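Enquirer: This is what each chain is made of:
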Amino acid sequence: MKAEFINPFVGAAYDIIKMVTQTQASKGELALANSPIRGNEVNVVIGVTGDLAGQIILCMSEATALEFATKMLMNLATETFNELAKSAICELGNMILGNAVTNLGDNGYFCTLTPPTLFIGKDVAVSTQVLRFLVVPLETEFGAITINVALQEKPGKGGY
Amino acid sequence: MHATKVDQLIPGMVLAQDVLIPRTGVTLLSVNTKLTVEMIRRIGYFDINTVYVAAQEKSDKEKNEEILAPVMAETHDKSVAAVENFITNYDQDRFTQQILDGLVGDLLEQVEMDADLLLNLTHMKSYDNYLFSHAVNVSIMSIIIGEQLGYSKAELGQLGVAALLHDIGMLRISVKTWRNNGSLTPDEYQEVRNHPFYGAEYLSKKMTEDIRAVAAQHHERYDGSGYPRGLKGSNINYKARIVALADVYDALISDRPYRARLNPQEAIRLIVSDQEGFDPQLLKVFLLTMAVYPIGTYVKLNTGEIGKVIRITKNQPFRPILTIYSDRQGKILEVPIRLDLNQDENHLLYVKETLTGAEHEKIAQQISNSFPKQK
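Here the protein sequences come in this chain order: W and E.
With this note's numbering as the guide, the letters of the first sequence map in order to residues 1453 to 1612.
With this note's numbering as the guide, the letters of the second sequence map in order to residues 7 to 381.
Calculated from the structure, these hints are not laboratory results.
In this text the structure is predicted, and so the values were computed from the model without any measurement.
We put the beta carbon where it would ideally sit given N, CA and C, even for glycine.
The hints are all genuine.
Mimicking DSSO-like on lysine-lysine, the simulated pairs with C-alpha atoms at most 30 Å apart in a straight line are:
no.: 1; chain 1: W; residue 1: Lys1479; chain 2: E; residue 2: Lys358
no.: 2; chain 1: E; residue 1: Lys358; chain 2: W; residue 2: Lys1523
no.: 3; chain 1: E; residue 1: Lys67; chain 2: W; residue 2: Lys1538
no.: 4; chain 1: W; residue 1: Lys1454; chain 2: W; residue 2: Lys1606
no.: 5; chain 1: E; residue 1: Lys306; chain 2: W; residue 2: Lys1523
no.: 6; chain 1: E; residue 1: Lys211; chain 2: E; residue 2: Lys84
no.: 7; chain 1: E; residue 1: Lys337; chain 2: E; residue 2: Lys40
no.: 8; chain 1: E; residue 1: Lys306; chain 2: W; residue 2: Lys1470
no.: 9; chain 1: W; residue 1: Lys1470; chain 2: E; residue 2: Lys358
no.: 10; chain 1: E; residue 1: Lys337; chain 2: E; residue 2: Lys67
no.: 11; chain 1: W; residue 1: Lys1523; chain 2: E; residue 2: Lys320
no.: 12; chain 1: W; residue 1: Lys1538; chain 2: E; residue 2: Lys320
no.: 13; chain 1: W; residue 1: Lys1538; chain 2: E; residue 2: Lys40
no.: 14; chain 1: W; residue 1: Lys1538; chain 2: E; residue 2: Lys306
Computed footprint of chain E on chain W; a stretch qualifies when at least three of its residues, placed anywhere within it, have a C-beta under 8 Å from a C-beta of chain E:
no.: 15; segment: 1524-1537
no.: 16; segment: 1544-1554
no.: 17; segment: 1557-1563
Produce the entire structure from the sequences given, and follow the hints as far as they go.
Expert: What follows is the structure, given as structure tokens:
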């Protein structure tokens, strides 16, 4: 997998986290892993088609998701993962995608991204078309968010 | 069909001609395609200056809105007049249930018909008649919240009437005091804080417990910080807790003698920042109903367009329906375009920021200059 199409997602997640929480995230050690992806308690799955094909999966603990939901909801105390919190985490996904698609385009990749789907519950495993995927851990003040990138280029695609 | 500059394309526009890649003549996008963010970006990467987009057809829903809006505005005015008449001529011994039902009947019907359209109206405020238009607006918002709570029609009627009469105690306070735009003397201040007591006294014993409790308790706060009695939590009547939210929200989005109105999102923000004062369960329902970007808020999208929230999608507080008024460059569109953020094809768009109060005024002015018929 190439930096040209991984960085747009990681960069977008980084920027949006900064915007929502007003704090910096820090990137951890990258690692390669084999499908299926082991999820966390709250998982946001995004499908990618077009010049790239595969999935992006954001994983976090429920506690972290609730912290983010609270931030998104103007600091409304959010103790349970209710409708409001779900809508907030989906919106976080939309925001990251909205930025990522711009970054991808700048790197010459035109993709269609599906709306985020939320999977909740421990021990979620997602099988991906791409057998090996990249794990990008982001550390935030509110807990870790792991970005799993399982993408492959359409054959013959070289960017601009 | 209009030729549109590529940097003025807006998601949701429909192509009136194929878009061809220059020199090669290969079709990039074909006629009748509804443009998405990705497509617009893609067109932008080629050396294309203008594309042809179709004049936007109004949907049946939009045509219905155009017919319904003036009817609702008229009913709103009539309700304000009816409440004014009822309250100023109020006589404890001479009222009937029929009169009460009459006051709230139209509002109930219209909330059921199109609550969002009605909410749009609550933003068109007449400053002079604050007390009574406020009563009607609080009633509308309370009914909308009650509907979310699954109230029966009879229950909604009770809530609506209670909300209409919540400030009836204000009648005992001199007009000079409640219109005061400076600071109140300690005596005047105490007088204003007594209006819930007066209200409950005024209202006939023949009225239901709920109606009297709402008048008496709508300034009580969940954490005990309210007045006049400092009641706490479940000791406050449930309908009074609903009306408390609607009352604060409508007051915040109204011009008052002592401050200018907040934009709807600032109002929500302020209520959430004081969340201890409200029933937490109701506050969640309120936020799901009024949304994070409430009706009437001007917002800027991540792609730069500016629009106004005109509808809320149920349980999607971040994904309103907008009327887009200005393009990415800040130029007012010839024809405003409707954009539903909850449509799958628009999921890459998001509200990046809400415009400040001053920016609200400015764009509202620009819009009313460009489209004199629309308010």
